[in-house]
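Enquirer: Put the two chains together into one complex, using the hints given.
Protein sequence lines correspond, in order, to chains A and B.
Using numbering that gives the first Met the number 0, count along the first sequence one by one with no gaps and you end on 320.
Using numbering that gives the first Met the number 0, count along the second sequence one by one with no gaps and you end on 88.
Where hints are given, some of them may not hold.
[Claimed, not checked] Below are the BS3-like pairs computed for lysine-lysine, each with C-alpha atoms no more than 25 Å apart in a straight line: (1) A/LYS48 x A/LYS179; (2) B/LYS83 x A/LYS95; (3) A/LYS1 x B/LYS34; (4) B/LYS80 x A/LYS14; (5) B/LYS75 x A/LYS1; (6) A/LYS110 x A/LYS136.
Hints are computed from structural coordinates only; laboratory data are not their basis.
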Amino acid sequence: MKCRVCGEPAVISLKAYSTALCAPHFISFLEKRTLNTINKYRLIENGEKPIVAVSGGKDSLSVWFMLNKLGYAADGVYINLGIENYSDISFAKIEKMADLLMKKVYSFDIKRLSDKGIDGLAKILKRVPCSACGMIKRYVMNRVCIEYGYTTLVTGHNIDDEASALFGNVLYWKEEYLGKKNVVLEARHGHLSKKVKPFFLCSERDIAAYAILNNIDYIREECPFSVGAKTLIYKDMLNRLEQMSPGTKIQFVKGYLKSFIKNRQEDIKNTENFCSKCGYPTYGSICNMCRVLERLNIGEGHICFDEYDPSVLDTTERLMT
Amino acid sequence: MLFLSAVILKSPATGFDNTRPVCYELAMTIECDGKVIEYNKPIDIYRLMEQLSINREVYLPMVNDRLVTEDYRAEKGDSVKFIKVVSGG
Numbered sequence: 000m001k002c003r004v005c006g007e008p009a010v011i012s013l014k015a016y017s018t019a020l021c022a023p024h025f026i027s028f029l030e031k032r033t034l035n036t037i038n039k040y041r042l043i044e045n046g047e048k049p050i051v052a053v054s055g056g057k058d059s060l061s062v063w064f065m066l067n068k069l070g071y072a073a074d075g076v077y078i079n080l081g082i083e084n085y086s087d088i089s090f091a092k093i094e095k096m097a098d099l100l101m102k103k104v105y106s107f108d109i110k111r112l113s114d115k116g117i118d119g120l121a122k123i124l125k126r127v128p129c130s131a132c133g134m135i136k137r138y139v140m141n142r143v144c145i146e147y148g149y150t151t152l153v154t155g156h157n158i159d160d161e162a163s164a165l166f167g168n169v170l171y172w173k174e175e176y177l178g179k180k181n182v183v184l185e186a187r188h189g190h191l192s193k194k195v196k197p198f199f200l201c202s203e204r205d206i207a208a209y210a211i212l213n214n215i216d217y218i219r220e221e222c223p224f225s226v227g228a229k230t231l232i233y234k235d236m237l238n239r240l241e242q243m244s245p246g247t248k249i250q251f252v253k254g255y256l257k258s259f260i261k262n263r264q265e266d267i268k269n270t271e272n273f274c275s276k277c278g279y280p281t282y283g284s285i286c287n288m289c290r291v292l293e294r295l296n297i298g299e300g301h302i303c304f305d306e307y308d309p310s311v312l313d314t315t316e317r318l319m320t
Numbered sequence: 000m001l002f003l004s005a006v007i008l009k010s011p012a013t014g015f016d017n018t019r020p021v022c023y024e025l026a027m028t029i030e031c032d033g034k035v036i037e038y039n040k041p042i043d044i045y046r047l048m049e050q051l052s053i054n055r056e057v058y059l060p061m062v063n064d065r066l067v068t069e070d071y072r073a074e075k076g077d078s079v080k081f082i083k084v085v086s087g088g
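For reference, chain B alone in the conformation it holds in the complex (with noise of 0.2 Å):
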């Protein structure tokens, strides 16, 4: 996902602002175990479980606080939680 802004830049020789969209890219935050990591590329949640030896079985992938299933694709700018599920002792 791409995120644009406007931004206002004076010119210092002219004393004229312009204005002209900046282009900003925001990474995909990952969370799993209280660590965070960032991945730049859309990408299905089942693949980024295979890179990161995720069981399917101990996480639940959520995106931007909403279960998904593993055929989602995550875009750039979203927020992939895994949470755990296995308790007891």
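Here chain A stands alone, though its shape is the one from the complex (with noise of 0.2 Å):
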């Protein structure tokens, strides 16, 4: 195949566009499909400081990559999970783009909560592993936005991730979910950080030929925990009508926000509360977060950052980490 552009070899074919691209073109294709994303949506607009949800996975990396170099300046904020054989390297992962960036890293050590991991933590307070992480990542991220001026918090999460999660929710039909999904959260002054995706328009595969093409050296392996997960079976499914039926995916997801969308916003902004304690959005009087802190016996205190910060760093301190 060749590239529809400049008609050198195609690297990568793109059936839901019936295109094929070589690698520079690639890149620009989906850096302007982002760019368009974050225009059209808002996500970050003039005078707004964002920060990247980082997991040295592909997405988070190229996410982070992305805007750096179309000059949306942005730290990063990572949550070590205390996960054996894979925290570490996501992390070493992270400070190499770090470095690569010259942007500074805020990281959360989930052992400072009960000195153990996730999976520790999770028999504790009785929940699946993923449902623990969920929550203490809401919580966590949106507090370091708070707690040190960020206005915007940034997330990996493309395509492919929403249009499982729509898949799941239609399937059970869970009214409470249907809405929630969006390309931007807006912010609740002094309690909740603005949240946007500005992959939401992009495909998995897509983000992992830009990672390999731009040699984001992210990590391949999965999460111990996911496996067998419900999401990953949804995908799964979605990946096989795609393969069958070429722009499923983005007709799902487009057709969503285009139709369904604007008719839930309104009630779900009227049916939020904040937590008597923290001060973030719950459904109850005290968010689950708190009852967690409550239930380890731990202070607010504990949430607190270690900093990286290559700028800081001399090179040969660079060299070493």
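Expert: Pasting the structure below:
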């Protein structure tokens, strides 16, 4: 196949768009697509200070790399889940990217809460690890924004994440979650930072190709706790549909954005409360995280961050890390 | 791809060195999900994906560490890798 733009040998075919592109034109295509999403949905506006939630995977490292390349200076925040042979490798990849971008990373170690990794903590909380992880991540990432003055939390969620979540919510008619998914979740002053997803309309396949073509060193191993997750089953089903009928996922998600979300956002705004302890959004009077802190008998002071700042390290130190 | 190598053979009877080309055929190596298999014939990537039941939405094909499109014809001696792109839980 030849690149549709320049006629050089293509490196990737994009069936949903009936095209194929060479490396430079594919990189430019994905960056333009992301920039269009940022502008169309006003994800990052003048004067805003973004921070990227990084995990060491292809999506978060790519969005961090791309934003800085496109002129959106963004630092990173990482949550060390204390997973053996996984979390430390992830952080090493993040440090490498931080060095390249010369950007700061705030990290929170989950062992600050109970001296245990996410699996041990999940057992104490009688939750599955993914549920405990999601709850802690939401809280900690919101906290870093409010504490350090970042206005916008950027995540690497892609169209496959959104389509699979939407598929699961439709399948079980979880109406309370339908309408919550969006490219941007607006801030609630003092309570919740703005959350944005610049890769909302980009596929995992395209992002992986972007990472490979830009030599982004990301962790390829899966989180050991994701084995058998329903989301992966939904992704598999959607990918089978996509293979047979290219463009299915984008139609599904775009259709949702167009026809469903407008009617739901106002309802959601009106039904949320704020935690009486920390002030973050919750459905009850106290948020789940504050309940956990109470149960573990620890104060909010335990939620503090380590900072990795390559700009203050000299060259020798950077090489050693 | 044929790999030609000249090998020096020593004749025990005469003590003379004979130089003659020896032909080795290298197999193509295919790596997917940590498993490596060998394949002996040139093949288009899309045919290989069909034979291995690999969904193009789930894996990116790379030949000799470079991304390729599915119509690329892999030859003997090539190193083909399928990189999984799906993550999350």
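Enquirer: For which of the previously enumerated hints does the structure constitute a violation, in increasing order of number?
Expert: 3
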